[in-house]
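> Here is how the chains run, residue by residue.
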Amino acid sequence: MPNPKTSTIPLVTDDETNVIRIENLRKSFGDHEVLKGVNANVKTGEVVCIIGPSGSGKSTLLRCINGLETITSGDIWLGGFSLADNNVDLNEVRKHVGMVFQHFNLFPNMTVLENITLAPTQVKKYSQDRAQQEARELLHRVGLEDKADARPDSLSGGQKQRVAIARALAMKPEIMLFDEATSALDPEMVGEVLGVIRSLAEEGMTMVLVTHEMGFAREVADRVAFIDSGVIQEHGSPEQIFGNPTSDRLKDFLSKVL
Amino acid sequence: MRQGKTFLSFVFAGLIALLSFFMAPAALADNAAETEGGDPEGEVYVIGTDTTFAPFEFRDPAGELVGIDIDLMKAIAEDQGFRVEFRSMGFNAALQALSANQVDGVIAGAGITEERQEVYDFSDPYFTGELTIAAVEGSGISGWGDLEGESVAVKTGSLSEEWAREMQQDHDFEINALDQTTTMVESVKSGHDKALVDDLPIIAYGIQQGSGLELVSEPEPTGDYGFMVNKGENQELLAMFNEGLNNLQESGEYQEILDHYIGGESGPDPSTFLGLLATSIPALMVGLRNTLLITGISFAIAMALGLMFGFMKLSSNIILRGIATTFIAIFRGTPVLVWAFFFYFGLPQVLGTPISIWVAGALTLSLNGAAYIAEIVRGSVQSVDPGQAEAARSLALTQGQSMRKVVLPQAFKMMTPSLINQLVIMLKDSSLLLAIGFGELLYQAQQIYAANFRTTEVLLIVAAIYFVAIWLLTGLANYADRRVNK
Ligand SMILES: Nc1ncnc2c1ncn2[C@@H]1O[C@H](COP(=O)(O)OP(=O)(O)OP(=O)(O)O)[C@@H](O)[C@H]1O
Ligand SMILES: [Mg+2]
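These protein sequence lines map, in sequence, to chains W and H. First residue of the first sequence: 1, per full-length UniProt numbering; consecutive thereafter. First residue of the second sequence: 1, per full-length UniProt numbering; consecutive thereafter.
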């Protein structure tokens, strides 16, 4: 097992297929237990969509995976890193995990290019030249090469979210987490963001997406997990979850959202 | 990189520019202090005096400290071969400064009373005082009997107050104790008080200058004026004063000084408003320079302290937070003036060493300002969307990097208007320092209207100067803000 404090090698070694392993994860805010024993594995290159009603703990689960929330009990393994281990340097872990937020959270005090080059220059100590060159490639990839010097304020919601994805990709993560990346967008802009996510899936990026876009989940997901009341109630292939739900809760949930 | 250019660098660049602009060597010298007298090699004594006790001490239109006390002291210094440095600071402030050994002696038309003799040692009398009542011309008042049911202005803690309290036993009037003759005159002229009681030479001088009052009673002999030193201290200075006074009285120079101030007939200040403006502007500009300088210095210190305490308030360490909370509570919860008196009069007695008026003034303004700036800093940092720090952390930036690169630049942008506001408040608060005799703008104005009794006009000029200065300062700060916080 690699030494987690110094490792910058990939999360997954040859003999591991599950890049994310969640073991009996519990998370409470004060007396309020939000996650009540979540168990799940995500394979390298797999795309997992998490669906579930509001307040069921989807965001909390995602935030636990990159250490934005501390774990109350249980464990999350990212390759060889155990997030329950206090000796693990979370910043080291986060270099491997990109996150995209519902409200973009772009830095308004910087240009688009500066948003993207900040982490590579600060964390990976890349030169400005190298970071900018890579940032421009990423902007090209999300279709915004002409916005490099724009301020986030001047962009549409869809453009902001594509910049946020480029910003996360600039750290060359092995895992990408998306928390309702399209739900703050006007309907006509959802497509451009989903297009970028789809292309990532095709390239084999390991992704966990919390989404309300059931059609997109069905199309892009390898597996769908339905979470309710702090536990994963049901998971399986999209065909199985959407076509043949077994639990009453899932049937009930799908009848409301579909 | 733009985000590297923080608000701080702009604040300090601005202040350094401001400072270097005003950093003429003379600017740092206390403008209320001038060394005068005989032998240039002689020992220098620091003499405290009142600010506005014409004709004993006041400033002529050129801004020079003049008056019976001043001329007498200089003549004695000449005669005895020592040097004097005057600090004109207000009567009560001068006495406090004497107790605190901030000055070596006080000459301020001070009556020799038993109470004062317990704390100070007096010279031989150099003037015999008389009190009189004055009222607006044609008021029909001719003595205490006409003041039943009225309000009478007296000078706080002086013989005039003592006399009025005595008269109160037989007559039913109210006493309004004020600090300065000009204030008392304005109070009578504006109808707040029916009459005032003050020393005869002072009122006579004012009438000569066109104060619009008249003497309405027989003078009441009060007793003698003396020069004083702290009890048991500076006895050689006291001895030289007595000897010098004796020499001057014999040579006739003493009488010449008196005649110059209360014997002549000069009539009211004849100048037009424009003339008044022209004569008062030089002294007011000195005041403005001191105002801007003390504000600039204090604001720079307040920014540094405010940032420090603001971050301590945000810290997760309970001790640091406690220190910051206490500091903020103390300095926000107490008046500025209290600290001005404390730092200038109280602290020297605790430390046993005098404190420069610039240090006391800067401490007062900067500690008060720091408490407000700390709250501004804390509030702005906390009002940055927590999602910003989360996004930074999710990109593997450390806590420090996320603070420096993401949160602080946004917080500084948000706090700029409040900081500009704080700067303006500090500039206006600096006028409170006149209470300890700091030569800022309003202090200079007091000096001028104390001598010519054109209070309203001088105050209007001062208000206009403050307005323009603050208007320019705000404009400059907003311009810098737009350039830096795009
Ligand atoms: N920092 C926090 N402190 C206290 N309670 C929290 C905190 N964050 C989340 N919660 C609570 O945890 C529960 C789950 O929240 P979470 O945001 O994970 O739900 P969600 O499934 O993402 O819902 P949504 O679909 O509305 O985004 C909610 O009841 C929420 O109030
Ligand atoms: Mg959520």
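A portion of the hints provided could be inaccurate.
Computed beta-carbon distance windows for the label pairs [claimed, not checked]:
| # | chain 1 | residue 1 | chain 2 | residue 2 | range |
| --- | --- | --- | --- | --- | --- |
| 1 | H | LEU476 | W | LYS36 | 22 to 30 Å |
| 2 | W | ASP149 | H | GLY346 | 56 to 64 Å |
| 3 | W | ALA150 | H | VAL359 | 45 to 53 Å |
Just so you know, the hints here were simulated from the structure itself, not pulled from any lab data. Glycine included, each C-beta is placed from N, C-alpha and C at the ideal position.
> Where does the structure disagree with the numbered hints, that is, which hint numbers, in rising order?
Hint 1 is the one this structure does not satisfy, whereas the remaining hints hold.
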